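Colleague: Residue numbers (the numbering used here), protein chains in the order written: chain L, 1 to 55; chain D, 56 to 368.
Check each hint, because a few of them may be wrong.
Claimed, not checked - Derived, one-sided and incomplete: chain L residues facing chain D with beta-carbon distance under 7 Å:
| hint | residue |
| --- | --- |
| 1 | 15 |
| 2 | 16 |
| 3 | 21 |
| 4 | 37 |
| 5 | 40 |
| 6 | 41 |
| 7 | 42 |
What the hints assert, rightly or not - A few chain D residues that don't get close to chain L, going by computed Cβ distances all over 12 Å:
| hint | residue |
| --- | --- |
| 8 | 134 |
| 9 | 139 |
| 10 | 176 |
| 11 | 263 |
| 12 | 279 |
| 13 | 283 |
| 14 | 286 |
| 15 | 298 |
| 16 | 366 |
Honestly, the hints are just simulated from the structure, not real lab data.
Computed from a predicted model, the values in this text were never measured in an experiment.
C-beta: ideal position from N, C-alpha, C; glycine also.
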Amino acid sequence: MNTDHDSKGVVLTPEQTKSRRQRNIAIGLAVGFLVLLFYAVTIVKVGPGLFNRPL
Amino acid sequence: MAFLEESSSVPGIAAISAASPRDYIALLKPRVMSLVVFTALTGLLFASQHVNIVIGFASLLAIAVGAGASGALNMWYDADIDAVMRRTCRRPIPTGKVTGREALAFGLTLAIFAVLTLALVANLLAAGLLAFTIFFYVVIYTMWLKRSTPQNIVIGGAAGALPPIVGYAAATGQVSLAALVLFAIIFIWTPPHFWALALVRSAEYGRAGVPMLPNVKGADRTRLEILLYSLVLAVIGVAPFILGFASPVYGCLSVVLGAAFVGFAVRVYRVRDGDGANRCAMRLFGFSIVYLFLLFAELLSERLIALAIAFVR
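Extracted from the complex, chain D is given alone in its bound form (with noise of 0.2 Å):
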């Protein structure tokens, strides 16, 4: 890594860098690995065999690590846009605490290392899932997509819907219809999610050159579409239970938590002028990260205690 560049602009001061481990750790995006961690022990969990806690837990953190170097390299590229956006101006390439090119040095050896690490801990399967959706995320999602179409996060949320299949493939080394029903909740809750929060900064992503659905389509074909997604959302919530994945106590905890998406949707369709409007979006956005933690809570805790009876037995 590049901490001592050849000149300075300061005689006599060598140019390294002032970055603290805190700024580096900012570059892996905690908030997004956490909710990667949660997803991906969910996935993990869900297989039916014994997975030994020692290579469960070091695939968990292959994974974790190969989500924040994602995230390390979606900074690096889209520094020019997080400058100019007030959510992500402090970050510690537009603040200049670290430099792009340290950046993406940090992001490129921590996804090569988590990739190597699955594939030596878990399997090949697993660790061609992650870095497939690293590339998905960074090269797809990042590079492409992010600036070139409006649909950009409805196609780059895959990436982010992966985990629960990598976690489920690192255990087993195959992947299933219940990974992929995990998969299908996170893909189609991520558009009505991102889209509340880009009706408000529609103004934001504009000056950043970003094509959001707000900016490109308009705010009201944005909250049919937010609308439309969360009525599938509340039927594919609920496809644990229906498939037999999931306890009737998930069954009615998705029934509720999905009508109520649908209702704080609803609210959006209808409140379109004023601060009304953006308080119902922003609503619908909290809502929605409940939404998704309460439902893999449930999953997540299903599986904790089936493993806890299986033990004691």
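So here's chain L without its partners, still in its complex pose (with noise of 0.2 Å):
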């Protein structure tokens, strides 16, 4: 049983679009800085051993 609603998909009104629009740059930016911090403290953790590992 097909509805109107059905055929339109999901509506967003554009307080839900302005608000996951803001939500999503939030969490990229929140990921961003967690890739950059923990390349950081690889770095300090374990940088100078992987340098001097064996090959």
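Fit chain to chain and form the complex, with the hints in mind.
Modeller: Here is the structure:
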């Protein structure tokens, strides 16, 4: 049983669209920051040892 | 996180969250987080050994996120209380900006992430202590003590007092007397700080069904306990100097601030009626924040100066 709602799919209000975009940007920035942080921590913790390992 | 619900009350409109990042930040209780960072940093710098700045920063971030997760889980569980109290009714869950399920998922995710991160960047002791702090605040304090005993904030205060120990453990992998003294200062400071506010807001706490000391034992008994805790705090506040962890400058500052704290508590004890009583309680509440900030700021400054001198040499 098809309805008008089904054919249009999910309909977002302008407010929902705006807040979802803001959340996506915030999550993206947080993930990017964490990548940099974990990279820096890895270099600090195992950096010198990384270059002293036998091949 | 369940941003998309299965059904919506409005046909054709999906029940997608309209919460902004600001609402999620509010769930973390940023002001509490800033205090946690401040005290945990003091604990971290109390360590005699050198801490790499990247490791120190990552550890502090994990502790801060752990504290924020506790706040989110607290707001999830206490949404019914928050909705009927003036101070908390504008929080994201009572206003409908964030659902309880979203707050629960957000808090649990951050809590697990913070503990694992601290285990990876620092050590297992610090991570275990952070996990215990979150558990103590959410389960022991929020779910159990807060609604069942007027001693809720006395015992629950341990959760707020643990960050310096977590910070010290992150730096050293152990717990020392110095870290325990910092814990004791915050632990003893918590009851007079919250009871001063509870004296003024006792009707609100009563409506919300939270058994704070003024509601259960009465305002006079609360005033007496505030005074007794303030006397103990004035002594413990000097302990870092007496035990050799802080300079004579800190010693003098802690004596003066401790005497002022007792002075404010005496005013609360003596002025019991009318607007004057509420004013005295709110002055003590305000001063208690200044007291803790100045003591830890002095301790932090002394450690930073010592580190700067060691770096120059």
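Colleague: Hints first: check each against the structure and report whether it holds.
Modeller: The hints, checked one at a time:
Given hint, residue 15 of chain L at the interface with chain D, holds; its Cβ is 5 Å from that chain's nearest Cβ, closer than 7 Å. Checking residue 16 of chain L against chain D: minimum C-beta separation of about 5 Å stays under 7 Å; hint holds. Residue-level restraint check for residue 21 of chain L is violated (minimum Cβ-Cβ distance to chain D is 10 Å; threshold 7 Å). Hint on residue 37 of chain L holds. Least Cβ distance to chain D is approximately 6 Å, under the 7 Å limit.
Interface hint status for residue 40 of chain L: upheld, as the beta-carbon distance to the closest one in chain D is roughly 5 Å, under 7 Å. Restraint check, residue 41 of chain L versus chain D: the minimum CB separation of about 5 Å is within 7 Å; hint holds. Checking residue 42 of chain L against chain D by beta carbon gives a least distance of about 10 Å; that is not within 7 Å, so the hint is violated. Residue 134 of chain D, annotated as away from the interface, keeps every beta carbon of chain L farther than 12 Å; the closest lies near 20 Å.
Taking the minimum C-beta to C-beta distance to chain L, about 27 Å, the non-interface status of residue 139 of chain D holds against the 12 Å cut. Residue placement check: residue 176 of chain D does not keep its beta carbon more than 12 Å from all beta carbons of chain L (closest about 5 Å). With 12 Å as the threshold on Cβ separation, the claim that residue 263 of chain D sits away from chain L holds: the shortest Cβ distance comes to roughly 30 Å. Against chain L, the non-interface label of residue 279 of chain D holds: every CB pair exceeds 12 Å, the least being about 48 Å.
With a closest Cβ-Cβ approach of about 45 Å to chain L, residue 283 of chain D is found to remain outside the 12 Å limit, as its non-interface label requires. For residue 286 of chain D, the condition that its CB be more than 12 Å from all CB atoms of chain L holds, with the nearest at approximately 44 Å. Remark: the non-interface label on residue 298 of chain D is consistent with the geometry, its nearest Cβ contact in chain L lying 33 Å away (cut-off 12 Å). Listed as a non-interface residue, residue 366 of chain D keeps its Cβ farther than 12 Å from every Cβ of chain L; the least gap is roughly 18 Å.
Going down the numbered hints, you'll see the structure goes against 3, 7, 10, while the others check out.
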